[in-house]
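Visitor: Letter by letter, the sequence shown follows residues 1 to 172 of the numbering used here.
These aren't lab readings, by the way, just hints derived from the structure by calculation.
Honestly, I wouldn't trust all of these hints.
Listed below are the simulated EDC-like cross-link pairs for lysine to aspartate or glutamate, each with C-alpha atoms no more than 20 Å apart in a straight line [to be verified]: (1) Lys-126 <-> Asp-51; (2) Lys-126 <-> Asp-111; (3) Lys-126 <-> Glu-95; (4) Lys-96 <-> Asp-111; (5) Lys-126 <-> Asp-152; (6) Lys-105 <-> Asp-26; (7) Lys-105 <-> Asp-13; (8) Lys-96 <-> Glu-127; (9) Lys-105 <-> Asp-51; (10) Lys-126 <-> Asp-82; (11) Lys-126 <-> Asp-28; (12) Lys-105 <-> Asp-82; (13) Lys-126 <-> Asp-13; (14) Lys-126 <-> Asp-53.
Beta-carbon label-pair distances, calculated as ranges [what the hints assert, rightly or not]: (15) Leu-97 <-> Gly-150: 16 to 26 Å; (16) Arg-14 <-> Ser-87: 25 to 35 Å; (17) Gly-153 <-> Trp-57: 27 to 37 Å; (18) Gln-89 <-> Gly-149: 18 to 28 Å; (19) Asp-152 <-> Ala-81: 50 to 60 Å.
These numbers come from a predicted model, not from an experiment.
For each residue, glycine too, the CB sits at the ideal point set by N, CA and C.
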Amino acid sequence: MSSFATVYPILADRLRAQLPTLGWIDLDQGQLDNPDAEYPLPYHAGVALIDFDEANWHDIGQGIQRGNCQVRVTLAVQVLADSYQSSTQRAQALEKLELLADLHKALQHFDGAGAFGALVRTYSRKEQAQQPGIWVYSMGYNCLLTDVGGYDGASQVVSGLDSVEQPRFVIP
């Protein structure tokens, strides 16, 4: 019953509600690879970018598909404080890493009020930053999606679905 266009705003709203201090939440469109000097991102507050890496779909009947989807959330944050052991700024620097824990807490097992299957983290990794002083980390989450975009209008119950939504777009 979900598509990427449905899931993205649900995830973005969840991050905004759970991490209100984040400076920017957006669909990943390569913003970190191509920094825009005219419209710089607010790295000091944290930037979260959401992307859908892959979905492996299978038909469940009548044009409806279910898929295991890999959602990637990338967090980029500016860290100007030193983090070495005897630094007086160490706590301030490591505070930025706490954003990762907060982000994970906001997403782990979140299901968008049933809009998709519960998110389960599958990986986390440090990414190569394109700008000095920016830490970039990605976390991947799997979830189950049902896409009714190809629904053919049949009226019977399909594979345990209680009801089937009509597709949003009809091509004559």
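Visitor: It remains to establish, for every hint, whether it holds in the given structure.
Guide: These are the hints, each one checked on the structure:
no.	hint	result
1	Lys-126 <-> Asp-51	holds (16 Å)
2	Lys-126 <-> Asp-111	violated (25 Å)
3	Lys-126 <-> Glu-95	holds (16 Å)
4	Lys-96 <-> Asp-111	violated (26 Å)
5	Lys-126 <-> Asp-152	violated (43 Å)
6	Lys-105 <-> Asp-26	holds (19 Å)
7	Lys-105 <-> Asp-13	holds (15 Å)
8	Lys-96 <-> Glu-127	holds (15 Å)
9	Lys-105 <-> Asp-51	holds (18 Å)
10	Lys-126 <-> Asp-82	holds (18 Å)
11	Lys-126 <-> Asp-28	holds (16 Å)
12	Lys-105 <-> Asp-82	violated (26 Å)
13	Lys-126 <-> Asp-13	violated (24 Å)
14	Lys-126 <-> Asp-53	holds (17 Å)
15	Leu-97 <-> Gly-150: 16 to 26 Å	violated (43 Å)
16	Arg-14 <-> Ser-87: 25 to 35 Å	holds (34 Å)
17	Gly-153 <-> Trp-57: 27 to 37 Å	violated (20 Å)
18	Gln-89 <-> Gly-149: 18 to 28 Å	violated (51 Å)
19	Asp-152 <-> Ala-81: 50 to 60 Å	holds (58 Å)
Checked against the numbered hints listed earlier, the structure breaks hints 2, 4, 5, 12, 13, 15, 17 and 18; every other hint is satisfied.
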